[in-house]
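Enquirer: These are the residues of each chain, in order.
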Amino acid sequence: MSSKPMNCKTARSLFSARIDDDLSPMEAGSLEMHLRDCKDGCRDQWAVFESTVRMVRALPPVEPDPSFVGRVLDRVRAWEAQEAGRPVSAPVRVPWSTSVPVFGLAGRLREWFKMGDPISLGDLGDWIRGFAGGFAGGLAGSRVLVPVRVVAAVVLGVVGGLAIGQQALLSNRAAPLPELAGRTTVSAATVPGGEVDRVRSTTDAGRPFGDLAGDIPPVRVARGGADSVRVQPDDVGDDPATYPGGIGSRQVLTKPGDARLRMTNTDGRPQFIF
Amino acid sequence: MQLSENKVTVPLFSGLPDEELMEHVVRNSEAAFAMLVDRYRGRIINLVCRFINDRERAQEIAQEVFLRVFVHRERYRPSGKFSTWIYTIAANLAKNEIRRRVRARGVVSLDGLLEVTGDSSRFLADPGPRSDQRVRQREVREWVEGAMQAIPEKYREVIILRDMQQLSYEEIEQVLGIPGGTVRSRINRARAALQEKLSGLVEGGIDEL
Numbered sequence: 001m002s003s004k005p006m007n008c009k010t011a012r013s014l015f016s017a018r019i020d021d022d023l024s025p026m027e028a029g030s031l032e033m034h035l036r037d038c039k040d041g042c043r044d045q046w047a048v049f050e051s052t053v054r055m056v057r058a059l060p061p062v063e064p065d066p067s068f069v070g071r072v073l074d075r076v077r078a079w080e081a082q083e084a085g086r087p088v089s090a091p092v093r094v095p096w097s098t099s100v101p102v103f104g105l106a107g108r109l110r111e112w113f114k115m116g117d118p119i120s121l122g123d124l125g126d127w128i129r130g131f132a133g134g135f136a137g138g139l140a141g142s143r144v145l146v147p148v149r150v151v152a153a154v155v156l157g158v159v160g161g162l163a164i165g166q167q168a169l170l171s172n173r174a175a176p177l178p179e180l181a182g183r184t185t186v187s188a189a190t191v192p193g194g195e196v197d198r199v200r201s202t203t204d205a206g207r208p209f210g211d212l213a214g215d216i217p218p219v220r221v222a223r224g225g226a227d228s229v230r231v232q233p234d235d236v237g238d239d240p241a242t243y244p245g246g247i248g249s250r251q252v253l254t255k256p257g258d259a260r261l262r263m264t265n266t267d268g269r270p271q272f273i274f
Numbered sequence: 001m002q003l004s005e006n007k008v009t010v011p012l013f014s015g016l017p018d019e020e021l022m023e024h025v026v027r028n029s030e031a032a033f034a035m036l037v038d039r040y041r042g043r044i045i046n047l048v049c050r051f052i053n054d055r056e057r058a059q060e061i062a063q064e065v066f067l068r069v070f071v072h073r074e075r076y077r078p079s080g081k082f083s084t085w086i087y088t089i090a091a092n093l094a095k096n097e098i099r100r101r102v103r104a105r106g107v108v109s110l111d112g113l114l115e116v117t118g119d120s121s122r123f124l125a126d127p128g129p130r131s132d133q134r135v136r137q138r139e140v141r142e143w144v145e146g147a148m149q150a151i152p153e154k155y156r157e158v159i160i161l162r163d164m165q166q167l168s169y170e171e172i173e174q175v176l177g178i179p180g181g182t183v184r185s186r187i188n189r190a191r192a193a194l195q196e197k198l199s200g201l202v203e204g205g206i207d208e209l
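The listed protein sequences correspond, in order, to chains A and B. Residue 209 in the numbering used here sits at position 209 of the first sequence, and the numbers go up by one each step. Residue 88 in the numbering used here sits at position 88 of the second sequence, and the numbers go up by one each step.
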């Protein structure tokens, strides 16, 4: 079997592999034959190529500084000392004093979501102010890099706030919501001596709190008007009537002239008080 | 206690391969680390120096290479060769240095790159006749070093790794993270580019260093 003679272009493309001894036996043989027989200067080209690589390989090495190892070890020790003085993890200390507003307001936010009531601009402002307080506390209370502090403060503020909100919600099973109880005036579109057909409540601060209409169990009122009603003492007691939206019962805890209506869910959890 | 230079070589570690030394380094053995530094300092300094053509700065960058080896010692995987790992770190730091210099000077042209990586005037000027053998050797060496800086970085790095550091094709693959076929073709082109730059010297018969 006879192989095709190698041309000059192919031969010169194999110079690099030849100098690295990276040719197959067949390639090496063909190249040797070509270099022996070539009349177009491939032998000279090979000589130039080989000299070039030899010159590069013969460049004298740079001598390391005699104190090189010691300097490296000094740098390593300096790094270790620096690391020893730095906290292993990145603790973010968020002072409770500044974070409590965040947690409390986040908990209230959760309550609002639960009740489906709209959030007023005032509520939102409270929450933002509380969040800002917690956020600033997170920044001031940590020793880590600023970006880490920012992220940690945000995450801790929100997550912690929701956690505290959950805690507050659970605790409310046993205790009424003090900030809402007894501070609300019931106002309804009603008629004197008639029945309440709509209960729209606001807190003392004027915050919308509840708006019930439709299937409201009968509540007798002493007098009525466009802006307020007063519930009679004989309404005190449990009423098994079912409210729309999951409200299981109502209990009027009132005395003449002071409306306090407490409603609970079917599981006994306070839904709201006004 | 600070180790002095002549206390670095600890007989316990002197016969261990690099990978086993690294196991001791991971366990915070300073002596094992010093042994590795001693073993690789020449190679790393030369590698960096050939990249940036600056001997003083090469010493500093080489120190940084070893510091990173120690700092990131737990990232080293014993399944791989230590030499390719440290060469990868060194090559990356050297290339970063070149880019930093280019950025610092706002250089974008080839001439500008030569200026920040080497003395282009020596490469571009005719060496001229010199009778003194040592002077001529130094001149030729400077020509070769200038030619190294005159070829593209991707060619220079394979020449450094293959012809100066004697890495195998497979090791170069790992250090540079490129396929074997690319390594071979790039070495081929790099040598051709160098041959072109040095053709005047070689064809003139000045090929000794």
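Hints are not guaranteed to be accurate.
To be verified - Selected chain A positions facing chain B (Cβ under 10 Å, derived; list incomplete):
#, residue
1, K9
2, V69
3, W79
What the hints assert, rightly or not - Calculated lysine-lysine pairs in the DSS-like style (CA-CA distance at most 27 Å, straight line):
#, chain 1, residue 1, chain 2, residue 2
4, A, K39, A, K4
5, B, K95, B, K81
6, B, K81, B, K197
7, B, K154, A, K39
8, B, K154, B, K197
9, B, K95, B, K197
10, A, K9, B, K154
11, A, K9, B, K197
12, B, K154, B, K95
These are computed hints drawn from the structure, not numbers from a lab. Computed from a prediction, not measured in an experiment: that's the story for all the values here. Using N, Cα and C, we set each Cβ at its ideal position, and we do this for glycine too.
Enquirer: Output the indices of the hints that this structure fails to meet, ascending.
Expert: Hint check: 1, 6, 7 fail, others pass.
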